[in-house]
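Participant: Chains as they are written, first to last, in this note's numbering: chain U, 1 to 324; chain L, 1 to 324; chain S, 1 to 326; chain P, 1 to 326.
Be aware that a few hints might be false.
Claimed, not checked - Think about it this way: if two alpha-carbon atoms lie no more than 25 Å apart in a straight line, the pair counts; the simulated DSS-like pairs of lysine-lysine are: (1) S:K183 / P:K183; (2) U:K39 / P:K183; (3) S:K164 / P:K164; (4) L:K179 / U:K284; (5) S:K183 / P:K164; (6) S:K131 / P:K297; (7) U:K251 / L:K2; (8) P:K261 / P:K275.
Keep in mind the hints are simulated off the structure, nothing from the lab. Small disclaimer: the values here were computed from a predicted structure and weren't measured.
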Amino acid sequence: MKTMAFNEAIRTALHEEMQRDESVFVIGEDVATHGGPYKVTDGIAEAFPGRIFETPIAEAGIVGIGVGAAMAGMRPVVELMYLDFVTCAMDEVVNQAAKMRYMTGGQARVPMVIRLPCGIGRLLAAQHSQILESWFMHVPGLQVVVPSTPADAKGLFKTAVRSPDPVMFFEYKRIYTSKGEVPEGDYTIPIGQADVKREGEDATVVAIGPMVQKSLEAAVLLEDDGYDIEVVDPRSLSPLDVDTICESVRKTGRAIVCGEDSTFAGAASEIAAMIGENCFGDLKAPVRRIGSPHVPMPFSSELVKHVVPEKSHVIEAVNQSMAA
Amino acid sequence: MKTMAFNEAIRTALHEEMQRDESVFVIGEDVATHGGPYKVTDGIAEAFPGRIFETPIAEAGIVGIGVGAAMAGMRPVVELMYLDFVTCAMDEVVNQAAKMRYMTGGQARVPMVIRLPCGIGRLLAAQHSQILESWFMHVPGLQVVVPSTPADAKGLFKTAVRSPDPVMFFEYKRIYTSKGEVPEGDYTIPIGQADVKREGEDATVVAIGPMVQKSLEAAVLLEDDGYDIEVVDPRSLSPLDVDTICESVRKTGRAIVCGEDSTFAGAASEIAAMIGENCFGDLKAPVRRIGSPHVPMPFSSELVKHVVPEKSHVIEAVNQSMAA
Amino acid sequence: MSLSPEVCKTMYTMMWRIRLFEEEADRQTNLGNVVGTLHMYCGEEAIAVGVCSQLRTDDYVLGTHRSHGHCLAKGASIDKMMAELFGKATGTCGGKGGSMHVADFSLNMLGANGIVGAGIGPTTGTALASKLRHTDQVSICFFGDGAAARGTFHEAIMMGSLWKLPVVYVCENNQYQQWVPRKNVAVIDSVADMAGSYAIPGVSINGQDALEVYEVAGEAVARARRGEGPTLIEARTYRFYGHSLGDEQQYRTSDEVEKWKSNSDPIQLLGATMKERGWLTDEEDGNIQQQAAAEVKKAVEFAEQSPWPTLANLETDVTSHSLGVA
Amino acid sequence: MSLSPEVCKTMYTMMWRIRLFEEEADRQTNLGNVVGTLHMYCGEEAIAVGVCSQLRTDDYVLGTHRSHGHCLAKGASIDKMMAELFGKATGTCGGKGGSMHVADFSLNMLGANGIVGAGIGPTTGTALASKLRHTDQVSICFFGDGAAARGTFHEAIMMGSLWKLPVVYVCENNQYQQWVPRKNVAVIDSVADMAGSYAIPGVSINGQDALEVYEVAGEAVARARRGEGPTLIEARTYRFYGHSLGDEQQYRTSDEVEKWKSNSDPIQLLGATMKERGWLTDEEDGNIQQQAAAEVKKAVEFAEQSPWPTLANLETDVTSHSLGVA
Ligand SMILES: Cc1ncc(C[n+]2csc(CCOP(=O)(O)OP(=O)(O)O)c2C)c(N)n1
Ligand SMILES: Cc1ncc(C[n+]2csc(CCOP(=O)(O)OP(=O)(O)O)c2C)c(N)n1
Ligand SMILES: [Mg+2]
Ligand SMILES: [Mg+2]
């Protein structure tokens with residue numbers, strides 16, 4: 001075990017995978033300078049010359065090239081500098097990468113990872129803070145992976161690189177520098193397997209990305225109220241580990257689904273609806289969703305502080321659920 | 001009242017709005033030839049010369065131009081030939097049209113209608129059959145309108161054209177030729193107001209687009225089983241008329257949410273989660289969702305017939321709900 | 001490859017195969033056996049055939065919505081192609097793709113595509129793959145004149161040039177973009193003239209002349225294989241049918257169509273040249289056509305007798321995961 | 001407008017205002033009052049000022065992520081601009097936009113934009129609006145050299161040309177695209193050379209020379225106003241600061257930066273020319289700079305004393321509807 005930051009964990013996984021498999025390469029804007037915008041591609045240009053492509057500003061072209069390279073048997077790791085820019089390449093992601101295997105009756109493989117730095121970081125307002133996990137959940141053929149810890153990030157990234165199918169890899173900018181213990185050497189974490197980050201009996205908090213840590217902190221504080229909270233981290237939103245989530249909710253009878261993205265038609269809506277459908281008889285309280293309000297991300301710090309959900313929101317929702 | 005087809009109703013509304021307001025114009029691919037792909041723009045070129053722009057194949061450019069024209073006070077009606085092609089213009093829709101008003105602190109107005117022929121029509125497979133309502137629901141600043149009858153289509157289209165904010169106007173290709181009574185002359189239907197298409201006491205079917213008609217037919221058949229079904233048509237998915245839906249569910253205690261799109265992270269998930277949250281105490285059975293499986297649309301008629309939900313699915317779900 | 005009687009005969013045979021395949025597919029549509037729509041390639045055969053005759057099996061080809069010809073010219077099975085149009089389980093894509101998605105990955109024909117201009121990026125990507133693997137495979141992207149307006153054209157060709165990738169961009173300029181004459185929506189006549197923006201050679205050729213296509217494609221393919229980078233070829237052509245099935249074609253006169261058919265049918269032109277040069281006898285010609293017709297007939301039988309895909313096929317080929325999504 | 005001492009003085013004054021505004025904003029960032037990031041326009045002022053000096057208030061301008069200069073040159077209030085960077089309720093956008101979204105719709109300055117290349121389509125759209133309304137308003141689109149690689153450039157300019165719209169596309173070629181030198185990712189040197197693809201005039205100019213910008217922009221604006229269609233102008237320039245705050249600039253030498261600053265500062269160049277021509281005395285020069293500094297100081301006070309937006313502002317300006325989404 002080694003303590004490292006979230007971005008370092010991904011960088012380590014990327015180095016190891018490039019070492020292991022010659023078909024892995026990196027493509028994106030500004031990836032070879034300054035270690036890339038988030039230092040995730042630091043050292044790649046030196047260690048693997050000729051396997052990193054710094055591109056013009058052309059997201060549709062970049063992702064399109066990734067699709068073709070992947071179909072030809074390579075394993076591109078595509079970096080979009082901000083998740084928000086995936087809007088410039090949605091045909092490539094949704095109509096090409098995601099559907100190619102199906103449309104060709106299983107002939108095509110598109111083993112591509114698209115790295116998506118998302119959520120709020122520095123205050124950069126509406127066009128640089130989006131999350132949009134639910135868009136990609138809704139697209140069959142895509143895998144949607146959202147690690148919350150450095151250890152998960154490393155193991156999931158490796159699995160993503162080795163997957164025969166496209167992976168939308170969500171990296172919350174806010175937790176790039178958060179640290180954690182990371183196993184050394186090679187290990188993988190299956191895509192589609194949730195992780196019970198804390199066991200408890202009274203209520204289930206299903207938490208996505210940075211909400212995992214906030215929920216764990218909330219759980220500690222809720223101990224004082226005598227509540228024993230279970231925290232489930234889906235880790236991948238598609239495929240979604242329905243079994244683990246439902247098992248937990250059947251046990252506790254209460255569920256709170258938390259993400260940083262806005263709730264309306266967001267990832268939490270799918271999870272909440274699924275719980276409502278599968279665990280109806282076991283529910284002692286309505287499934288609650290926690291997330292941002294349905295507004296574009298504002299710029300001013302005074303507005304932003306009302307947008308992103310914090311652990312206090314988790315505590316409040318658990319209390320409401322317990323009181324119901 | 002006059003009997004007319006769905007596409008004729010939109011065409012009529014478009015003609016009347018162009019007559020009424022000089023700032024309305026049409027832009028899109030092949031819109032001025034053959035009456036446009038769905039005959040919705042038939043006669044516009046003759047009646048309003050100079051106010052219809054047939055473009056190169058350049059969806060990002062087209063929607064971008066729409067955004068600018070709208071900000072300059074025009075009211076563009078943008079046609080995307082197939083909803084699927086909106087993937088080529090997502091930055092323009094999501095980061096520009098939707099957010100401009102907010103980002104500029106209320107200075108910008110983007111009064112643009114984007115017409116989205118969607119769903120399955122002829123068998124054209126995965127890249128020509130998508131629906132994706134939930135993507136746009138998830139984007140603050142957009143209105144998502146889904147008419148199910150010719151009369152609603154006309155009234156909602158007029159409201160959409162007059163709205164100061166962008167409207168994603170979903171036109172299910174399958175019902176373009178379906179007929180209905182349409183009031184003559186000028187009338188509008190507010191965006192954000194659901195319509196109870198049939199009153200009933202035993203269960204609420206919330207049905208989107210073509211599922212409305214199928215649900216009404218299912219409701220007639222369910223009378224034989226002694227079930228009295230209420231059918232609620234949201235008509236707009238964003239803003240969503242939470243009050244009307246919840247009022248119905250509180251009355252009946254049962255809810256089935258039906259759309260043609262795939263359920264996973266789809267529009268039905270938001271509605272189901274919302275009902276679960278707001279009507280928990282009144283629910284006698286889990287909220288069920290009906291929609292497509294999570295697969296790209298296949299080509300073969302033998303596969304397609306297993307994809308699109310029909311009235312039999314509604315009947316089955318209602319029966320399950322009543323039995324719970 | 002230099003032009004020989006054998007090459008000509010192979011091309012001529014393939015052109016007939018494509019022509020008769022499509023005419024039969026059209027007929028099968030009227031019978032209700034082929035569903036969806038067809039974008040007929042009739043009239044443009046010299047381009048696919050001329051280009052693909054310069055390729056190896058391991059060279060990559062990506063197509064468009066109008067790709068029956070690209071697929072067949074790359075060597076795809078006529079049986080499987082017909083079965084795909086029927087929506088049968090034995091089709092190139094198991095019935096999941098249909099006319100707009102025909103593909104044969106065993107031949108590195110990576111598919112038709114329903115989105116205009118969507119193949120240009122991916123073809124640049126297959127070329128990047130070849131470069132990374134140090135193979136000398138060449139990638140070919142076919143696309144229409146309409147596609148040249150899309151941003152993907154601009155973005156992808158720029159990177160193809162930047163990294164000197166082994167790719168040939170082949171624009172089939174049939175002068176229409178669905179129902180709109182190119183002259184109504186384009187600001188320059190020749191797509192090849194855009195090559196300067198990307199610092200690559202651009203050349204405009206007569207797409208009805210298989211020999212010219214063959215020559216020019218040969219040079220471009222050789223150049224790419226030598227690692228000297230992309231070429232943009234515009235092949236001037238004309239489609240003999242409407243844009244897709246049911247097209248009323250009010251946007252052009254039947255006179256115009258007839259003139260192209262009688263003066264510029266690429267099959268007739270090649271046949272005449274070969275006969276002039278003494279490379280084809282009337283008898284051989286008859287045999288070639290009969291042979292192609294027989295293959296097409298067999299393909300229809302194959303398609304008719306093939307099984308349908310079933311519910312069990314519906315959720316396969318989405319990803320390697322079972323769906324696992326509730 | 002022809003070049004006069006008055007025009008020069010106005011331009012010179014505006015350039016100082018922009019320069020000092022940004023230097024102060026940078027300082028306020030270090031104090032923690034300005035948050036987020038800043039894309040400094042320092043070094044490129046001659047372009048915004050030269051172009052906007054040819055415009056009427058009702059002409060449209062759309063900008064980029066680097067648009068402090070575009071906004072101020074179009075006439076935006078320096079107070080409101082500073083307040084926006086502070087995130088205050090009195091900012092141009094009520095604190096909702098910040099540096100990347102400054103805008104003043106009362107001046108038809110329709111906003112900076114955080115997405116590279118995203119303004120080119122919308123500016124073509126404002127030009128279409130003017131054409132439809134039969135006004136003679138001109139639309140100006142500023143964008144970087146990096147943006148010229150985006151598909152939006154290709155698609156929008158093509159339609160601007162097709163419909164002969166009154167728009168001028170102004171590329172600010174500062175030779176870098178974030179941290180990457182243009183020469184590493186571009187295949188042709190001058191963005192203006194792409195104009196041929198769109199059948200419009202393309203001209204490359206020295207963007208450090210306000211007078212050259214003024215002249216050439218004047219012609220392009222006049223041409224657009226006469227209904228003769230778009231022009232593509234490439235203005236060669238250089239940014240004196242890093243791409244955005246905190247940029248370590250390992251990708252260029254400080255020598256290079258210093259050379260540009262000492263030889264090609266657009267403000268120094270214009271000042272020197274004016275003095276040579278006897279259009280500016282040292283005293284006037286001093287006054288102009290003092291006046292600009294005083295305005296900036298006042299703007300900071302305004303921003304400091306302004307109220308914050310509150311929770312009540314959070315959900316306004318999304319649409320005209322109340323949210324109504326649960
Ligand atoms: C992005 C996109 N926009 C629009 C369409 C609808 N469409 C299909 S084919 C076509 C015309 C294509 O013209 P061109 O590229 O010249 O090819 P051609 O049909 O002439 O072979 C159009 C508009 C599409 N499939 N994809
Ligand atoms: C579509 C998109 N891709 C990437 C970015 C990130 N980004 C912001 S500015 C920039 C460089 C832009 O270069 P250029 O257009 O030359 O403008 P400059 O910064 O030099 O003024 C990049 C890559 C973005 N904002 N939008
Ligand atoms: Mg064409
Ligand atoms: Mg630049």
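Participant: Are the Cα positions of S:K164 and P:K164 separated by 25 Å at most?
Facilitator: The hint is violated at about 35 Å.
Participant: Is the straight-line distance between the alpha-carbon of S:K131 and that of P:K297 25 Å or less?
Facilitator: Answer violated: S:K131 to P:K297 is near 57 Å, above 25 Å.
Participant: Are the Cα atoms of S:K183 and P:K183 separated by 25 Å or less?
Facilitator: Roughly 35 Å separates the two Cα atoms, so the pair is violated.
Participant: Against the 25 Å threshold, does the CA-CA distance of P:K261 and P:K275 hold or violate the hint?
Facilitator: Status holds; Cα separation ~19 Å.
Participant: Hey, L:K179 versus U:K284, does the alpha-carbon distance stay inside 25 Å?
Facilitator: violated, 46 Å
Participant: Going straight from one Cα to the other, do U:K251 and L:K2 come out at no more than 25 Å?
Facilitator: violated, 58 Å
Participant: Has the given pair, U:K39 with P:K183, been kept, meaning a C-alpha gap of at most 25 Å?
Facilitator: holds, 23 Å
Participant: With the threshold set at 25 Å, check whether the alpha-carbon distance from S:K183 to P:K164 stays at or below it.
Facilitator: Roughly 15 Å between the alpha carbons, so the hint for S:K183 and P:K164 holds.
Consistency with the previously given hints fails for numbers 1, 3, 4, 6 and 7, ordered from lowest to highest.
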